[in-house]
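Participant: Line by line, the protein sequences give chains A and B. Numbering of the first sequence is given in our numbering, commencing with residue 1 and proceeding in unit increments. Numbering of the second sequence is given in our numbering, commencing with residue 1 and proceeding in unit increments.
Everything labelled a hint here was simulated from the structure, so no lab data went into it. A quick note: this is a predicted structure, and the numbers were derived from the prediction, not measured. Just to be clear, a hint being listed does not mean it is correct.
Which copy is meant is left open, because identical chains are indistinguishable; a pair holds if it fits in one copy or across any two.
[As the list claims (entries may be wrong)] When the alpha-carbon atoms are kept at most 30 Å apart in a straight line, the in silico BS3-like pairs for lysine-lysine are as follows: (1) K301 to K114; (2) K301 to K270; (3) K293 to K316; (4) K114 to K270; (5) K114 to K316; (6) K301 to K221; (7) K293 to K114; (8) K22 to K114; (9) K221 to K114; (10) K221 to K22; (11) K293 to K221; (12) K221 to K316; (13) K270 to K316; (14) K22 to K293; (15) K316 to K301; (16) K316 to K22.
Number of protein chains: 2
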Amino acid sequence: MKDTVTQIPTYEDMLAAHERIKPYIHRTPVLTSSFLNDVTGAELFFKCENFQKAGAFKVRGASNAVFGLSDEMAARGVATHSSGNHALSLSYAAGRRGIPCHVVMPRTAPQAKKDAVRGYGGIITECEPSTTSREAVFAQVQAETGAEFVHPYNDPRVIAGQGTCSKELMEQTDGLDAVIAPIGGGGMVSGCCLTLSTLAPEVAIYAAEPEQADDAYRSFKAGHIIADDAPETIADGLKVPLKENTWHFVSNHVTDILTTSEQEIIDAMKLTWARMKIVMEASCAPPLAAILKNPDIFRGKRVGVIITGGNVDLDKLPWMRG
Amino acid sequence: MKDTVTQIPTYEDMLAAHERIKPYIHRTPVLTSSFLNDVTGAELFFKCENFQKAGAFKVRGASNAVFGLSDEMAARGVATHSSGNHALSLSYAAGRRGIPCHVVMPRTAPQAKKDAVRGYGGIITECEPSTTSREAVFAQVQAETGAEFVHPYNDPRVIAGQGTCSKELMEQTDGLDAVIAPIGGGGMVSGCCLTLSTLAPEVAIYAAEPEQADDAYRSFKAGHIIADDAPETIADGLKVPLKENTWHFVSNHVTDILTTSEQEIIDAMKLTWARMKIVMEASCAPPLAAILKNPDIFRGKRVGVIITGGNVDLDKLPWMRG
Numbered sequence: 001m002k003d004t005v006t007q008i009p010t011y012e013d014m015l016a017a018h019e020r021i022k023p024y025i026h027r028t029p030v031l032t033s034s035f036l037n038d039v040t041g042a043e044l045f046f047k048c049e050n051f052q053k054a055g056a057f058k059v060r061g062a063s064n065a066v067f068g069l070s071d072e073m074a075a076r077g078v079a080t081h082s083s084g085n086h087a088l089s090l091s092y093a094a095g096r097r098g099i100p101c102h103v104v105m106p107r108t109a110p111q112a113k114k115d116a117v118r119g120y121g122g123i124i125t126e127c128e129p130s131t132t133s134r135e136a137v138f139a140q141v142q143a144e145t146g147a148e149f150v151h152p153y154n155d156p157r158v159i160a161g162q163g164t165c166s167k168e169l170m171e172q173t174d175g176l177d178a179v180i181a182p183i184g185g186g187g188m189v190s191g192c193c194l195t196l197s198t199l200a201p202e203v204a205i206y207a208a209e210p211e212q213a214d215d216a217y218r219s220f221k222a223g224h225i226i227a228d229d230a231p232e233t234i235a236d237g238l239k240v241p242l243k244e245n246t247w248h249f250v251s252n253h254v255t256d257i258l259t260t261s262e263q264e265i266i267d268a269m270k271l272t273w274a275r276m277k278i279v280m281e282a283s284c285a286p287p288l289a290a291i292l293k294n295p296d297i298f299r300g301k302r303v304g305v306i307i308t309g310g311n312v313d314l315d316k317l318p319w320m321r322g
Numbered sequence: 001m002k003d004t005v006t007q008i009p010t011y012e013d014m015l016a017a018h019e020r021i022k023p024y025i026h027r028t029p030v031l032t033s034s035f036l037n038d039v040t041g042a043e044l045f046f047k048c049e050n051f052q053k054a055g056a057f058k059v060r061g062a063s064n065a066v067f068g069l070s071d072e073m074a075a076r077g078v079a080t081h082s083s084g085n086h087a088l089s090l091s092y093a094a095g096r097r098g099i100p101c102h103v104v105m106p107r108t109a110p111q112a113k114k115d116a117v118r119g120y121g122g123i124i125t126e127c128e129p130s131t132t133s134r135e136a137v138f139a140q141v142q143a144e145t146g147a148e149f150v151h152p153y154n155d156p157r158v159i160a161g162q163g164t165c166s167k168e169l170m171e172q173t174d175g176l177d178a179v180i181a182p183i184g185g186g187g188m189v190s191g192c193c194l195t196l197s198t199l200a201p202e203v204a205i206y207a208a209e210p211e212q213a214d215d216a217y218r219s220f221k222a223g224h225i226i227a228d229d230a231p232e233t234i235a236d237g238l239k240v241p242l243k244e245n246t247w248h249f250v251s252n253h254v255t256d257i258l259t260t261s262e263q264e265i266i267d268a269m270k271l272t273w274a275r276m277k278i279v280m281e282a283s284c285a286p287p288l289a290a291i292l293k294n295p296d297i298f299r300g301k302r303v304g305v306i307i308t309g310g311n312v313d314l315d316k317l318p319w320m321r322g
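Okay, chain A solo, but in the shape it has when bound (with noise of 0.2 Å):
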């Protein structure tokens, strides 16, 4: 049974959500690392979407949507339910064009990241740490508003707005081979998905998930989609599940999902900040984690590493827990 109809976004879709969006996002550089080029035996180009604004790729998804808004329904503002940075791009991107942004948030989510969320106006709604709860909250926020609803990923304005990013790697590199990001509802490879199967069909796409939320993976490995409710990662960013829109991309261009462990994820996460001086969330951490766990898939090969966000509450750093 299917509750939604999938929203396919185009290849053109991605084109004009980039023209819409750039007066509001920064054209994030792409930075390598001649320390982990060695360490991996692969040419590593690592597109720093934590520098983006509000702090994560999400914005460019979240500003696509809100500014392709006629004027009659972004006076009724905007509602998302997210586990931190789309709240934040929303609030950003509703900020800018000076409508109301409504907020669900899991009560569980980072102090640094509600803050945030204020920070740019957004009004938040507390929820329970799960899907079902976020759900529930969120519908009733919604009645109440009238507000528009743009979900954190498998809204198409959100999926074409994400495309953007690959578009831009591909401008700032001399061809790639390979293009890995994080999975959680599979919004930014997605994006990547849309816009690398028109635009270099050539480049393998590959998703880096944590085992403990490894829905994508085992979705990916049955053929449909498997949705957890609740899983625990250092990952927060990755913990929901894919939905129709982002299912028909993962599905249809995904290579192959690689998980990882926490301990991988935290000494990736920690290694990039060493070596390469970055402030970048756990949930960014999978791919480096998996392309160290797997040097024979990328050895010799030039890869795309999306660093999806920089958004972390400093007082709680994951190598700091007992």
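For this one, chain A is given, so just place chain B on it according to the hints.
Facilitator: Same frame as chain A, but now just chain B:
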């Protein structure tokens, strides 16, 4: 009484240094932050030497010294004493030339810095954490090896190399009203003075220093070098005193030296990590701390801020302290 004759590098020395070291260094990016611009009322341009080879600007001066040696001198290797980043940088440069590098370091230097020196092939001899001990142990090492001494900052080859940083900064920005850099021994500040006094004499040059290691500030006000033995500050790269060659530049070209408390340094460091998503040392934070503390000096100005290095012990972050 002076025991050293000043040796002042020229603007042409700096230009020659840039040509000499370009193959071995990064042209580091200049980043901006609309958040920090809003907070300070200034337009800030962060020259990110934390992304530099070996993780610090010091690779500029070290590379200029190493690659300027005759083959005969180079064969005996190089030697230095350093609180850390010059040691890394000289080891890196010596490694690129294939010659030995002897390093005298305080036994209290962060373990991460010792590991990194050894990672670049440097040979460490430990000393006590005082200027007196460092110089005594170093004399012994130098006598035994015959290696060429490359002082961390009082060496004219080193100052000429550091001057290449502000040359790049001016090329990467469309005019500046001021530049501000942290001051310890004065190598980076002297490099800024060397370059800007010829290239852009209209640019005011500020130095920022920890209150707890304010020997440069007191020297500047007194009109002669005042040296403290082993001051204590979280900004561990800024503990060393001015020497003759750096005093020349500081006394002739610096507009003012601004001091900041330990807490102001920690707050500015954490703010930079949180908002700019970059890993930088506590020793890089006094400039932003000084701008936040003295808004009237910088408001409405275009200000270059030198982020000097990113070699941090991630297991010992200052805001984690009791």
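Participant: Are the hints correct? Go through all of them and say.
Facilitator: Hint check results:
no.	hint	result
1	K301 to K114	neither (39 Å within a copy, 33 Å between copies)
2	K301 to K270	within (24 Å within a copy, 36 Å between copies)
3	K293 to K316	both (26 Å within a copy, 28 Å between copies)
4	K114 to K270	both (24 Å within a copy, 18 Å between copies)
5	K114 to K316	both (15 Å within a copy, 26 Å between copies)
6	K301 to K221	within (25 Å within a copy, 57 Å between copies)
7	K293 to K114	between (34 Å within a copy, 28 Å between copies)
8	K22 to K114	within (26 Å within a copy, 44 Å between copies)
9	K221 to K114	neither (35 Å within a copy, 46 Å between copies)
10	K221 to K22	neither (37 Å within a copy, 49 Å between copies)
11	K293 to K221	within (19 Å within a copy, 57 Å between copies)
12	K221 to K316	neither (34 Å within a copy, 42 Å between copies)
13	K270 to K316	both (13 Å within a copy, 13 Å between copies)
14	K22 to K293	neither (36 Å within a copy, 35 Å between copies)
15	K316 to K301	neither (35 Å within a copy, 36 Å between copies)
16	K316 to K22	neither (33 Å within a copy, 39 Å between copies)
Going through the hint list in order, the structure does not satisfy hints 1, 9, 10, 12, 14, 15 and 16.
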